[in-house]
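*Asks:* One letter stands for each residue in the lines below.
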Amino acid sequence: MKKVLIIVMTLLISGYISAQETKQGAKLPSVNVKTLEGETFNIQNINNDGKPIIISFWALWCKPCKKELDAYNDNYEDWRDETGVKIIAVSIDDSRSTAKVLPFVNGKAWEFEVLLDPNGDLKRAMSVNMIPHTFILDGEGNIVYQHTSYYEGLEDEIFELVEKVAAGEDISGKQ
Amino acid sequence: MKKIITVLIFTFTLTSAVSAQGFLSKSQVHGSFEVDGMYYQADDALGITDEEINGNVFGFNGFADIIYTLGDFSAGFRYEAYLPPIAGFDPSLDGQGFPYLWASYTTEKFSFTVGNFYEQFGNGLTLRTYQEWTLGYDNSINGARVVYEPVKGIILKGVYGTQRYFWAKYEKNGRGIVKGFDAELNFNDVFSSMADSKVKLIIGGSAVSKYQSDQKESLKLPQNVGAFAGRFNLGIGKFNFSSEYSYKINDPSAINNYIYKAGDALIFSGSYSTKGLGIFAMFKRIDNMSYKSDLDVTSNALDINFLPAMVEAHTYMLASMYPYATQPNGEIGYQVAITYKVPKKSKIGGKYGMGISINYSQINDIAREKANDSTDGFYEPGTMGWKSDFLKFGDQVFNRDLTIEIDKKFSRKFKSIFKYIYQDYDIATILGHTGDPNVKAHIGIVDMTWKFTSKKSLRWEVQGLWTQEDKGNWAAALLEYTISPHWFFTIADQYNYGNKHSYERIHYYTGSFGYTLKTTRFALTYGRQREGVVCVGGVCRQVPASSGFYVTISSSF
Numbered sequence: 001m002k003k004v005l006i007i008v009m010t011l012l013i014s015g016y017i018s019a020q021e022t023k024q025g026a027k028l029p030s031v032n033v034k035t036l037e038g039e040t041f042n043i044q045n046i047n048n049d050g051k052p053i054i055i056s057f058w059a060l061w062c063k064p065c066k067k068e069l070d071a072y073n074d075n076y077e078d079w080r081d082e083t084g085v086k087i088i089a090v091s092i093d094d095s096r097s098t099a100k101v102l103p104f105v106n107g108k109a110w111e112f113e114v115l116l117d118p119n120g121d122l123k124r125a126m127s128v129n130m131i132p133h134t135f136i137l138d139g140e141g142n143i144v145y146q147h148t149s150y151y152e153g154l155e156d157e158i159f160e161l162v163e164k165v166a167a168g169e170d171i172s173g174k175q
Numbered sequence: 176m177k178k179i180i181t182v183l184i185f186t187f188t189l190t191s192a193v194s195a196q197g198f199l200s201k202s203q204v205h206g207s208f209e210v211d212g213m214y215y216q217a218d219d220a221l222g223i224t225d226e227e228i229n230g231n232v233f234g235f236n237g238f239a240d241i242i243y244t245l246g247d248f249s250a251g252f253r254y255e256a257y258l259p260p261i262a263g264f265d266p267s268l269d270g271q272g273f274p275y276l277w278a279s280y281t282t283e284k285f286s287f288t289v290g291n292f293y294e295q296f297g298n299g300l301t302l303r304t305y306q307e308w309t310l311g312y313d314n315s316i317n318g319a320r321v322v323y324e325p326v327k328g329i330i331l332k333g334v335y336g337t338q339r340y341f342w343a344k345y346e347k348n349g350r351g352i353v354k355g356f357d358a359e360l361n362f363n364d365v366f367s368s369m370a371d372s373k374v375k376l377i378i379g380g381s382a383v384s385k386y387q388s389d390q391k392e393s394l395k396l397p398q399n400v401g402a403f404a405g406r407f408n409l410g411i412g413k414f415n416f417s418s419e420y421s422y423k424i425n426d427p428s429a430i431n432n433y434i435y436k437a438g439d440a441l442i443f444s445g446s447y448s449t450k451g452l453g454i455f456a457m458f459k460r461i462d463n464m465s466y467k468s469d470l471d472v473t474s475n476a477l478d479i480n481f482l483p484a485m486v487e488a489h490t491y492m493l494a495s496m497y498p499y500a501t502q503p504n505g506e507i508g509y510q511v512a513i514t515y516k517v518p519k520k521s522k523i524g525g526k527y528g529m530g531i532s533i534n535y536s537q538i539n540d541i542a543r544e545k546a547n548d549s550t551d552g553f554y555e556p557g558t559m560g561w562k563s564d565f566l567k568f569g570d571q572v573f574n575r576d577l578t579i580e581i582d583k584k585f586s587r588k589f590k591s592i593f594k595y596i597y598q599d600y601d602i603a604t605i606l607g608h609t610g611d612p613n614v615k616a617h618i619g620i621v622d623m624t625w626k627f628t629s630k631k632s633l634r635w636e637v638q639g640l641w642t643q644e645d646k647g648n649w650a651a652a653l654l655e656y657t658i659s660p661h662w663f664f665t666i667a668d669q670y671n672y673g674n675k676h677s678y679e680r681i682h683y684y685t686g687s688f689g690y691t692l693k694t695t696r697f698a699l700t701y702g703r704q705r706e707g708v709v710c711v712g713g714v715c716r717q718v719p720a721s722s723g724f725y726v727t728i729s730s731s732f
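Residue numbers (our numbering), protein chains in the order written: chain Z, 1 to 175; chain H, 176 to 732.
These are calculated hints, taken from the structure and not from any lab test.
A few of these clues could be false.
To be verified - Keeping only pairs whose Cα atoms sit at most 27 Å apart, straight-line, the calculated DSSO-like set for lysine-lysine is: (1) K526/H <-> K27/Z; (2) K86/Z <-> K413/H; (3) K63/Z <-> K526/H; (4) K34/Z <-> K327/H.
To be verified - Stretch-level coverage of chain H by chain Z, calculated; a stretch enters the list once three of its residues show a Cβ under 8 Å from a Cβ in chain Z: (5) 514-520; (6) 570-576.
To be verified - To list a few chain H residues with every Cβ distance to chain Z over 10 Å, as calculated: (7) F233; (8) P259; (9) A262; (10) T281; (11) A370; (12) Q390; (13) K395; (14) N399; (15) D439; (16) Y447; (17) A542; (18) Y554; (19) K615; (20) Q643; (21) Y684; (22) R716.
Ideal Cβ positions, reconstructed from N, Cα and C, are used throughout, including at glycine.
Excised from the complex, chain Z in its bound form (with noise of 0.2 Å):
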């Protein structure tokens, strides 16, 4: 037990001393979700021509995340026009209600993409601890920010960093 834990303690601060160095953000992990129709997707395959992206981790049952989504939505045409961005919310909904998620999201008319990780197998491999969670990507798909919890006016901050992000500006290591 103790020498696995050595080992592995070993490796981790030698990884954590090199993702330092090469200053380049995390990819998206090799992980099955699902869309709304039932069909499994991996999520690195999600692409926007180079443009940024941005994944929210939300679920029915949390008030600001779908607080932040009805923000995000408010303003997609118009981020969208500006920047390219595109919006993907990954609900974590157990079964309890995933099959309530998609006629959820048409009611209330959200325009972006809406994916399933009814066992948090996305937000485990994630590291996501509590939601809203948010990631935003660059072009090419590296992970360049995150933030938790929601409060009003976040949306302004966030589409800010994605405009900065579309320009080609590093902001990694800003904030």
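Please build the complex by placing chain H on the supplied structure of chain Z, with the hints as guidance.
*Replies:* Positioned in the frame of chain Z, the structure of chain H alone reads:
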């Protein structure tokens, strides 16, 4: 298992050491941690005295989860500590260690994991392992898992191992060994003739078995208990249907009081949705479907399957007073929901539109007839228990819930949510308040937000709960000031003004503030926690009343 991991990691270290340069630049480490601490105070009004606390003034739950990735290889662990667990968490969690340790190799078609893992077959009616930190729940399997995708559209999974039981090691003749197999077929991917069809069809099936040696002298128990399930998901344009049926052979256990009845469960749901309108309906029935890898365990642990509680999940303070939990020995019910967005610039919708959602659910006991000759009722050990008509509702109402919600934005600065809830709640069955009548409660909530500037806003809630039963009427209010993206300040009070006993008309006040920097969050709360139930993912834990400071620090990187 640990040996395998050691060998894997060791081999891996060796290979990587050879090509240290490439290795260092390609590897990634990320993870998360959280620390929750509680400092308890004596509180006369809640009946908490210094003698009762008896020096145990601190509760502490913490974890750190680390994931290491190099190309197709990844490995990780989670360290957990409960020193001692915060009040309301299972006392068996007391301790510290590494309950979650894994390594996996994943390519496009193939994935192999050893160590602890989380898996779900279909809706989880035969198998679901998961972790829920806020409940202290973790039933991960420690063993091996293979996922294989021979062609696009076919996914095969196999799992083998034993489940986590707090800190207890697996021992021979102890808890059971779990084996499972699942297959899923997507017709639109596999059959080229359906590739562009409007009809989307996915079917799946699973078989799970647990082996636990029979150590009982009084009863002869099945040592291998099998559970099977079939499911489909069918989309036709704006309609979507999904269903799963599961059957389990006889499985006498402490939960069903050792009866020999087989169990089954059915979930069926359908929806119709188009932009601005979503309609959802669902039916479910559960009959004797508790499935644990130790037949003597009754606590929230060692569940092999997952029986989803399909009711509206409430989060507002007073609305979450009476949360429903699935009754594994039998329940039948349905749920309907409508979500509608009144269009922008219409008469009712106004400039910004308006959202309306209505949800109604009812869950009853199943209709039972005795299937044994004993005079002791359905739960007589060693008998067949009961028989039940498949579609018949029993007389006992476990839960009814009507929720109507309207959300409206009045201007750029001002928006609000109005909510009305009616609940009928079998407090005797669900919370074990034997002999108490069903609680029938009306709840009203107003939630308003005023945005001062683009970053600063004030949100306030006013809530009321009116009932003749249990503790009577409640009123609650909350005030929250936020400065995006970093700060929040909240004060709240829940007042049980309608309690029959004047000495129990208590204010449960709290004050809290928090700071968030990217993914790091710190929050401190001072005040009283009311006795209650916290439910997440269909599992609930009882939380005792307490008073004091609560601090939480969470981060991910």
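*Asks:* Is the claim that Q390/H lies outside the interface with chain Z correct, judged by CB distances over 10 Å?
*Replies:* 29 Å, holds
*Asks:* Closest CB-CB distance from F233/H to chain Z, is it above 10 Å?
*Replies:* 22 Å, holds
*Asks:* Taking a Cβ-Cβ distance under 8 Å as contact, does the stretch 570-576 of chain H have three or more residues in contact with chain Z?
*Replies:* violated (count 0)
*Asks:* Just to be careful, I want the Cα atoms of K34/Z and K327/H compared with a cutoff of 27 Å; is the pair within it?
*Replies:* 14 Å, holds
*Asks:* Please verify that the nearest CB of chain Z lies beyond 10 Å from A370/H's CB.
*Replies:* 12 Å, holds
*Asks:* Is it the case that N399/H keeps its Cβ farther than 10 Å from each residue Cβ in chain Z?
*Replies:* Fine: 26 Å to the nearest Cβ keeps N399/H off the interface.
*Asks:* May I ask you to check that Y447/H keeps its beta-carbon over 10 Å from the closest beta-carbon of chain Z?
*Replies:* The claim breaks: Y447/H does not keep its Cβ more than 10 Å from every Cβ of chain Z (closest is about 7 Å).
*Asks:* Using Cβ atoms and 10 Å as the threshold, tell me whether Y554/H really stays out of contact range of chain Z.
*Replies:* 27 Å, holds
*Asks:* Would the non-interface assignment of T281/H survive a Cβ cutoff of 10 Å against chain Z?
*Replies:* Nearest chain Z Cβ is 5 Å from T281/H, so the label is violated.
*Asks:* Far enough from chain Z: is every CB of that chain over 10 Å from the CB of Y684/H?
*Replies:* 21 Å, holds
*Asks:* Using C-beta distances, would you say chain Z covers the stretch 514-520 of chain H, given that this needs three or more residues below 8 Å?
*Replies:* Per the Cβ count (3), the hint holds.
*Asks:* Checking the smallest CB distance to chain Z, is D439/H really beyond 10 Å?
*Replies:* Answer for D439/H: holds, closest chain Z Cβ roughly 17 Å.
In summary, the numbered hints that this structure violates are 1, 6, 10, 16.
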